[in-house]
Every structure is written in structure tokens, then in C-alpha cells.
Amino acid sequence: MYYYLYDTYLSEGKYDKVIDRIKTRLLDLDINGKHEKLTLLKNTDELVSDEVKRGISTVVMIGNDKSFLKLVNIGARYGLTLGMIPIGDENYLSAALGIPKEEAACDVIAARKVLKFDLGKIKDNYFFTSLVIDKNLQRISIQKDNLKITPSYDASEVEICNFFYEKPGNIPSAAHDKCVIDDGKMELMVKVMVKETGWLRTKTIGAKVDSAFQGPKFEIKSFEYLPVVLDEIKVVKTPLLVEVEPRKLNVIVGKDRTVKNIGN
Amino acid sequence: MFKANDEDDYKNGAAEDTIIGSAIKVEGDLVSSGNIIVEGEVSGSVKTDKDLRIGEKSKITAEVSAREAFIAGKVRGNITIQNKLELASTAEINGDIVAATLIIAAGAVFNGKCTMAERRVAAEPEQTVAEE
Chain A
1 MYYYLYDTYL
11 SEGKYDKVID
21 RIKTRLLDLD
31 INGKHEKLTL
41 LKNTDELVSD
51 EVKRGISTVV
61 MIGNDKSFLK
71 LVNIGARYGL
81 TLGMIPIGDE
91 NYLSAALGIP
101 KEEAACDVIA
111 ARKVLKFDLG
121 KIKDNYFFTS
131 LVIDKNLQRI
141 SIQKDNLKIT
151 PSYDASEVEI
161 CNFFYEKPGN
171 IPSAAHDKCV
181 IDDGKMELMV
191 KVMVKETGWL
201 RTKTIGAKVD
211 SAFQGPKFEI
221 KSFEYLPVVL
231 DEIKVVKTPL
241 LVEVEPRKLN
251 VIVGKDRTVK
261 NIGN
Chain B
1 MFKANDEDDY
11 KNGAAEDTII
21 GSAIKVEGDL
31 VSSGNIIVEG
41 EVSGSVKTDK
51 DLRIGEKSKI
61 TAEVSAREAF
71 IAGKVRGNIT
81 IQNKLELAST
91 AEINGDIVAA
101 TLIIAAGAVF
111 NGKCTMAERR
121 VAAEPEQTVA
131 EE
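Sequences listed follow chains A and B, in order.
Heads up: the first sequence begins at 1 in the working numbering, then just goes up one per residue.
Heads up: the second sequence begins at 1 in the working numbering, then just goes up one per residue.
Treat each hint with caution, since some may be false.
As the list claims (entries may be wrong) - Not everything, but these chain B residues come out facing chain A in the computed CB check (under 8 Å): (1) Val26; (2) Ile103; (3) Ala105; (4) Val109.
As the list claims (entries may be wrong) - Cβ-Cβ distance ranges computed for the label pairs, FRET-style: (5) A:Lys217 <-> B:Glu63: 18 to 26 Å; (6) B:Val109 <-> A:Lys237: 42 to 50 Å; (7) A:Ile205 <-> B:Asp49: 32 to 40 Å; (8) B:Ile103 <-> A:Asp89: 52 to 60 Å; (9) B:Asn94 <-> A:Thr197: 54 to 62 Å.
The hints are simulated quantities; they were obtained by calculation from the structure and are not laboratory data.
Built from N, CA and C at the ideal position, the CB exists for glycine as well.
Whole structure, please, built from the sequences with the hints as guidance.
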């Protein structure tokens, strides 16, 4: 049984036609299920929890990258299989997973090629892509096994990456190539700003990876509470212990995916 | 310095490679199964089964151990290299060296004792080191 969730921004009239086409295609492929539109008053976690009690095991999010990432925590908690049907802009994650846009994605859902992904874990919070700290980096230290890593004033961002996908602003590096979805490790990256000096002013181009470490566990320590952003949607505070949960999340992927995996 | 097989390992995610840039300071025991590149500050110990590259601006106060190494920065501590150790003209070593092959460029500073070890074949276990 499938449970289809439509993100809030799809309530705009301009998406009506594409939603109708998706529903028709799902009927044609005989993978219909319960459809629900999210609103600001409906909590995704509560809706999914209720449906899990009724026997749902596959949840498909119709929306964009952020819509899908909202499902990760609850999906990991209940061991659900997650799918996505991308609509609109900001669908770089689905491109990395090999899922085409709009009704073409229904064929991927029907083919049901499932890969197991590692997830990052901080207490009860799971994250799929990365954890980022970009403020007061000189006040933190990161412990990896017997190693203490202290960022200097040059560091602009600390990222613990579980899954990397290309999108504007993400400059790929050799360290990102190490992000394998089921290797049981995460990549700690310390980044510095890359600046370009012109005639009149200096322009910031983006952040470049300066240092990189791999490991299954990192401890971030600080003297004060500093904000840490998970998957660009959730904020937690330091100090914290970040661990990898190997092969924790089942995700439906397409043929043209660019992600690297060891086995399934 | 990094060989074709190492590059494959790197791309497949098999080897655990470490890059220490200039934006961090590292203290403690750095043990890795992959290549290590150091461009920043390290104190403690650095140990890898693969290759080590120490950049020009790096400062290392540590016991260093690797399969092969290229050093262009400052190292204070003993260095044990199974195969080839190359010191660039900007290298400054204060400590003893054990290596099978040693290349020192003109201009490099080396204060310490040097022992030439027998070259270790990649497939062999740690026999040669034990003989040392």
C-alpha cells in the first residue's frame, strides 16, 4: 500500500494539471494508494505515524528536495521505503537518485528499485545529506577517535556529509567523491571561502574543501550552544555526538542515478 | 606519488584518505589506512599504511610513519618510511630518519640520524621492519 503526500506549495493552481497527470499515470501503473495534501496545519510526522498504524510501508513525497528530506526522520524511525515524484524547481537530489520529473517518475516508483542508504544520527534525529556549522567555528573542536580537530579563523564552514549531490553552491571535490551511500562512514569536511579579486571589489565564489576526514563517529564539542543545521531544514545545538546508522533508510531510485553504492 | 591502484581505492571509497588543510589544527594520533595529505599543523603522531605528503607550509611535531613520503614542510620528530622518502628543498627535519630510499634536494635541512632500511615489498608483512 502506497501513501502519497503532496507538499504545501503544490496547492498553487499552476500545478493542478501536472498533479492530474501524475494521478492518472499512477492509476495506469496500478500503484495507487492514499493521497494526502500537506498544509501548514498538518504535521508530516503525525500523518505518516497514523498511516503506519494502518499498515502503510511505502511513502511517496510529491514535491522537491526539501519535501523529501522532511520525510527522512520518520521514514528511518519506522523502517519505511521512501520514494519521490519531483515537481518544480530545486530537484537536484532527485536528479542524483535518477528520478525524472513529474509523471515520468511514476515509472521509477512502479519499477521499485530500492537502495539502502546510511543515515547520520544525532540522538533521535536522523539526517540524509549533511550537517553544517557555519558560525563561530573557532569555538568548536571535533573529536574523531584519538584526534582533536580545531578549525582556525580561515575556516568558513564545517560539514559532516553523509550523502553528496550536486547543486548550485556545492562545489564538488575529491572528498565528495568519497561519499558512498552505504559505506558506513561519513566525511568530515572543513571548508574555506574562495574569493575572486576584481578591479573594484572582492567577490565570494563559494566554499572549497580544505580538510577532510572519514569516520563513523564524530563528537562536536563547544563551550556554548551553537546552531547546527541538519539537511538544511532542521536546527539542533552543540555539543553533540554524530554517528552513522548503516543502511538505515530504503529509498526508491532510478536507473540514471549518480550515487555510488557498495552493495544491496 | 599516489599510484593507480590507490586512485581506484580512493574513487571506490575503499581507502580512508585524509586531508589536513591550513584551516585546521590537529592534535593526537592520526592513524589512517589511506593516503594522508598535510598542509596544516599536526602534533602527536601520523601513521599510515599508504603514502604521505607534507606540504610546504605545514608544521608537524609528531612521530611519522608511512609507506612512502614526500616532505616539503617542517617536521620535528622521528620519521619511519618503508620505501621511498623524498625531501624537497623547503623541507626542514629535526629528528631521525629510517627509510629504504632517501632523496634529499639541495637546500633541505636535516638534523638527525639516518638509517637505511631494507626496501619492503608491498605484499610482504612487517618482517623487514622487525629485522631493523
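Status of each hint after checking the structure:
Annotation: interface hint on B:Val26 holds; nearest CB of chain A at approximately 6 Å, less than 8 Å. Annotation: interface hint on B:Ile103 violated; nearest CB of chain A at approximately 26 Å, more than 8 Å. At a threshold of 8 Å, the smallest CB-CB gap from B:Ala105 to chain A is about 27 Å, leaving the interface hint violated. Among the interface hints, the one on B:Val109 is violated; its C-beta lies about 26 Å from the nearest C-beta in chain A, farther than the 8 Å criterion.
Distance hint check: the CB atoms of A:Lys217 and B:Glu63 are about 25 Å apart, consistent with the given range 18 to 26 Å. Checked against the hint of 42 to 50 Å, the pair B:Val109 and A:Lys237 passes, with Cβ atoms roughly 47 Å apart. For the hinted restraint 32 to 40 Å between A:Ile205 and B:Asp49, the CB-CB distance of approximately 36 Å keeps it satisfied. Range check, B:Ile103 to A:Asp89: Cβ separation about 55 Å, and the 52 to 60 Å hint holds.
Under the hint 54 to 62 Å, the C-beta atoms of B:Asn94 and A:Thr197, about 37 Å apart, miss the expected range.
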